[in-house]
Every structure is written in C-alpha cells, then in structure tokens.
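Chain residues, written in single-letter form:
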Amino acid sequence: MSRKRLEKMKSAVSDIFELPKEIMLNLPKISMIGNNQMLVENHKGVIEYTPQRIRVNSSIGVIRIQGSEMNLKNIAADDIMIIGEIKIIEFI
Amino acid sequence: MFFYILWNFLKGYVVIRVDGLSLEKFINITVSRGIYLWGIKRQSYTSLTAKISISGFRQLRGISRKVRCRVRIVDKRGLPFIMHRYRKRKMLTAGIFIFLLIIYGLSFFVWSVEVEGTEKVDPQEILFKLESLGVKPGAFKPHIDSMLLENQLIVSFPELSWASLEIRGSRAVLRVKEAVLPPEVIDKDTPCNIVAAKDGIIEKMIVLDGQPAVKPGQTVRKGQLLVSGVIEHPDTIGVRYVHSMGQVLARTWYQETVHMSLKEPYRQRTGRKSEIKYLGWKRFKIPYRKEEIDFSNFEMEIRQDGFIYTEIYYEVEEIQWSKNIAKLKAKLEETALAKVRKSMPPGAKIIDKKLKYDMIDNVKASAVISIEALEDIAVQQIIDTL
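Protein sequences, first through last, are from chains A and B.
The first sequence begins at 1 in the working numbering and counts up by one.
The second sequence begins at 1 in the working numbering and counts up by one.
This is chain A alone, in the form it adopts within the complex (with noise of 0.2 Å):
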C-alpha cells in the first residue's frame, strides 16, 4: 500500500468515526484568536523567532507566521502560543 492511500484511509476513517484528524494524521492543529493570538499545537520545533517572523516546523511543512511585536506567550513540547499582531501565515 503506498504512503498516499493510507493517508487517504486515515482521513476516511477519522471522518467515519468523527475522530480529531489532527491525531489521526499527524497534524498540526492551528487555532487563532482575532490577529493577536495563535495557538499551534503538534508541532515540532521553532526554527527562527524575531518579533517580525516566527517559523515554526511541522509535520507538514514549516508554518511561517509575520508580524509585528510578536511574543511567545508559552512553550511546550507539544504547542506554542504566539501573542502579537499577527498579519501573515504561510505554509511551506
């Protein structure tokens, strides 16, 4: 079976059985409020911090998030919160 069709199980199964995809799928699950803050969880690692631009790894690719003023309110190994304003998010 290829990599690309038991993704495509995954996601079928996880929606059969209204499982959160996030775990199923190794996803990272981004949850904002407004533009000032932003929650990632399941990611994997910080790669660059300035208050302009934060870069974050995941299983997806890197997330890119611009700004300014831009603050990492908390950080632990499975979520980082970013506080500031927020003006683009990019994936990779």
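Some hints could be false.
[Claimed, not checked] Example chain A residues on the side facing chain B (calculated, C-beta under 7 Å, incomplete):
(1) A12
(2) I16
(3) F17
(4) V46
(5) E48
(6) P51
(7) Q66
(8) G67
(9) S68
(10) N71
(11) L72
(12) A77
[What the hints assert, rightly or not] Computed list of lysine-lysine pairs in DSSO-like fashion (alpha-carbon distance at most 27 Å, straight line):
(13) K73/A <-> K327/B
(14) K41/B <-> K29/A
(15) K327/B <-> K87/A
(16) K356/B <-> K327/B
(17) K66/B <-> K73/A
(18) K87/A <-> K263/B
(19) K29/A <-> K25/B
(20) K44/A <-> K25/B
(21) K44/A <-> K41/B
(22) K215/B <-> K188/B
(23) K66/B <-> K44/A
(24) K356/B <-> K73/A
(25) K73/A <-> K188/B
(26) K215/B <-> K73/A
Quick caveat, the hints were computed from the structure, so don't treat them as lab data.
Given the structure is predicted, the values throughout are model-derived calculations rather than measurements.
For every residue, glycine included, the Cβ atom is placed at its ideal position computed from N, Cα and C.
Place chain B on chain A using the hints.
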C-alpha cells in the same frame, strides 16, 4: 494555564536572559526535555528573556553548554524567594502565627447578641435576661447551651411561645415568637362580692352579674361592698349566690410632695458638642478619634456600641433657677408626676392635676401635686357561704 502559573508562583520561578546565536535551538532543546517556558520575549538578535521554574532552571546548565549560550538570572520571583528574604525575621513569622492564633481564638466568642421577632416584649428585657444567663458580648461559645437557654427563656417570659438561639459565627441571634395570651380565667362557680380597692367617688358602674350595692355619685371607702354576690328574692325567700362581675370606675385622688434643692443651677445644653471615640473593652480602651473640647461647662454621656465607646461632651449653660421660673415649674411637675405615677395602678387615667409650688430663699423649692384620676376600683372577694 492560570493554575500552572499560580503553581509556579508558589514553587518560585526565575526570569532568565539568554545570550547566544542559536536561540531557537535553545528553545527547542529545552522544550523537548519537558521544561516549560513561558513569557518569551526576543530582546535583540542575540538575546531573549523567558520565565522558567526553579527545577527547570537547574536542568538548563547542560543545554546552555551544548548550544553555546549564556544564561543569566534577571529576577527571582515567587513565594520561596519572598520567604527567603524574610528568613531572619523570626518575630515577623511569630507575629503571623500569633495573629492567626488570635483570630482563631476570638472566633470562640460571641461578639454581638440580637433578638428577632419581638412584637410586644421589649427586646432590651430579653437581652438583659440573656446577659444574666451568660449570653453577652464576650461570652465563650462552647459554654452556651442553646437548648437549655431556650427553655429558661420561655419559662421566664410567659409572653414567648417559642425561642431559638442560634450562634452564627460571632453573632448570637435569638429568634422568638410571641404567644397570644389567653384571657384571665375567671372561675365562675365561686360566688363573690365586689368591694372597693380604695376610697373614691363612683363615676360609672358596669355590672355584669350581681346586685349593685352603690350608685354612681356615691362616695365609697376602701373595702366597702360595691356589688353583692348574694341575691335575695323577697317572693320566694330563697337566697342565690352569684359570681359578681363588673367594672366600677371611680374618681380617686393622689397627692405627693417633692422637694428640690436650688443650689445647683439649671443646666441647659447649648447644642455644641464634642466626641471622643474609644476602641476597647471595659478598662482597656484606646482613643482613636478625638475632638477638641473648647468649653468649660459640659455634661458627659457615654455610649457603647460593641467595642466602640463614645464619650459625648455637651456644652451646657448654667442658669439660676430663680431666673427661670417656668423651667423650675416644669421640672417640679415632671418629678412630682413621676413620683405619683409609681403609686397609681397602670390603668388609671389622669383627669385633673394641680400643682402648688413654693420657693424658700432661692435655695429650696417644694411642690405638692394633686391628681384626680379615673380608675377601676373593683376587687373580687370570695363569699364564705358556710
């Protein structure tokens, strides 16, 4: 997360400043080792500040060596550091414990007593009774036996039908329910006469049962028969004994003489006053608010409200009695009336009063008060039929 921060405050945490080139690496390694970081702020390209728990900080040494950065403590926060600062101040610690102990100790006492639910009975009277039974501000709570006190209260106050003493914290609240008193039971089987309780002129007679022996307008002496319980029928020559009942309203007289010394001048309040407030108990009082007393003649009044004592000083003006006859008359009448009232039954109604007063050389005054009252002089007296 809030509880995590609170927990960290109790455990203590430090604010660190990290200088180095690969700060992202530092964050990643720290986090991957399960050390929690919060409040991360990038200060410049080569430095950041973050907050970390004490135990986490101890594990940082290996990481900082690995990623080649320098970690310095900027600030120490939390309870352990505060406690460390005061570790040599033993009396402060002792004070905290003494304070807690006193607070705890004081919770064993009653601080205020309240009475709820009174309608006719004076709550002050109940409070006095409670005080004599041991429930007063300052009473030791474990010594108060609510059940026993409730019973004692109901026994000593026949007007009360129910009482419940509840101690809520430092308040003792007595809730009462007043009883509806049954009318006085008259034993209707016992034959009796009605006689006069005192001298007087009959004004009005309301005879419910029995043979009236006197008429309105007649003067009667004390002990004289007013209503007879012996009814003789001239036709049948039979004698019937009844329980006579009725009201006999009569005019009665009272007289009292009062004397007063005029050496002490009459003191009249001018309206100005000063207060001194004290906080304390019995002999241990500390004044906490003082107002200047800038007058020489004063009258003092002490008020107590829990632990607050207030001394009120009223400025008074001294006036010679001879210069204020109207006041003297009023004062004499007041004292004379109070004296007369004591010898009168509570139901008596004053219908006329006369006051004669005399002044002797401006040093003494005397007054004679004559009162004409209207009162019920009927008293039942059992007839000996044997």
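CA of K66/B to CA of K73/A, is that 27 Å or under?
holds (25 Å)
Given a cut of 7 Å on the nearest C-beta pair, is the interface hint for P51/A held or broken against chain B?
Holds: closest Cβ of chain B sits about 5 Å from P51/A, inside 7 Å.
Satisfaction of hint between K29/A and K41/B, Cα-Cα up to 27 Å:
holds (23 Å)
Given a cut of 7 Å on the nearest C-beta pair, is the interface hint for L72/A held or broken against chain B?
This interface hint holds because 4 Å falls under the 7 Å limit.
Identify whether the interface hint at E48/A stands, where standing means a beta carbon of chain B within less than 7 Å of its own.
Interface hint status for E48/A: holds (6 Å vs cutoff 7 Å).
Does V46/A meet its interface restraint, that is, does its C-beta lie within less than 7 Å of any C-beta in chain B?
holds (5 Å)
Decide if the proposed pair is consistent with the structure: K215/B and K188/B, CA atoms, cutoff 27 Å inclusive.
Between K215/B and K188/B the Cα gap is close to 25 Å, so the pair holds against 27 Å.
Hey, does the N71/A contact hint survive, CB to chain B under 7 Å?
holds (5 Å)
What's the verdict on K356/B and K73/A, does the C-alpha distance respect the 27 Å limit or exceed it?
violated (95 Å)
Please verify whether K73/A and K327/B have alpha carbons no more than 27 Å apart.
violated (83 Å)
Given the proposed pairing of K327/B with K87/A, does the C-alpha separation stay at or below 27 Å?
violated (91 Å)
Closer than 7 Å between Cβ atoms is the bar; does I16/A clear it against chain B? Give me holds or violated.
Where the cut-off is 7 Å and the nearest Cβ of chain B is about 34 Å from I16/A, the hint is violated.
When held up to the earlier numbered hints, the structure conflicts with 1, 2, 3, 7, 8, 9, 13, 15, 18, 24, 25, 26 and fits the remainder.
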